[in-house]
Amino acid sequence: METEKTKNRQKDLDFCRELVDKVPALVPVLENHLESEDGELQTYIFLGAVARWAEENFVARESDVVQLLLELNRGLAEGEREVPNLIAVGFGESLSFESPLVPLLKGDLKRWYEFDAGISEEEPRLRRGGK
Numbered sequence: 001m002e003t004e005k006t007k008n009r010q011k012d013l014d015f016c017r018e019l020v021d022k023v024p025a026l027v028p029v030l031e032n033h034l035e036s037e038d039g040e041l042q043t044y045i046f047l048g049a050v051a052r053w054a055e056e057n058f059v060a061r062e063s064d065v066v067q068l069l070l071e072l073n074r075g076l077a078e079g080e081r082e083v084p085n086l087i088a089v090g091f092g093e094s095l096s097f098e099s100p101l102v103p104l105l106k107g108d109l110k111r112w113y114e115f116d117a118g119i120s121e122e123e124p125r126l127r128r129g130g131k
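Following the numbering used here, the numbering of the sequence shown begins with 1 at its first residue and continues without gaps.
Certain hints may be false.
[As the list claims (entries may be wrong)] Across the chosen pairs, the derived CB separations fall in these ranges:
1) VAL59 - ILE119: 20 to 30 Å
2) SER120 - GLU55: 14 to 24 Å
3) PHE97 - GLU2: 35 to 45 Å
[What the hints assert, rightly or not] Distance condition first, Cα-Cα at most 27 Å in a straight line; then the derived DSS-like pairs of lysine-lysine:
4) LYS22 - LYS11
5) LYS11 - LYS110
6) LYS22 - LYS5
7) LYS11 - LYS106
8) LYS22 - LYS7
9) LYS106 - LYS22
10) LYS22 - LYS110
To be clear, the hints were calculated from the coordinates, so they are not data collected in a lab. Small disclaimer: the values here were computed from a predicted structure and weren't measured. Just so it is clear, CB atoms sit at the ideal spot from N, CA and C, and this is done for glycine as well.
Go ahead and model the full structure; you've got the sequences and the hints to work with.
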């Protein structure tokens, strides 16, 4: 029988794999991550690497970065189980305080960035997904 922790981990893994499917420019990021983590996908660490990639590539690969941010916002709004937390912590808390992505941030992702950076004192509501 699957535990809640196992179900949460599987949804996080599924989200990260789907993210790479939807933003193929992330394939090298995933490959580097898997190589450094002995083939295991560490979801929070991976999304931290994705945040660094996005900050480094926001000009050269703007359409890919915009698509990434769209998918992350979708995950915050619709993600199952602990996926919203994965995004807020793994990606959101990995952005630099003067991130070049700020002009591209929208919706919940922007609200989390502003809270984490101390721009806003209002903590966004972290939605916990079902299933």
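Okay, which hints does this one fail, numbers in order? The structure breaks none of the hints.
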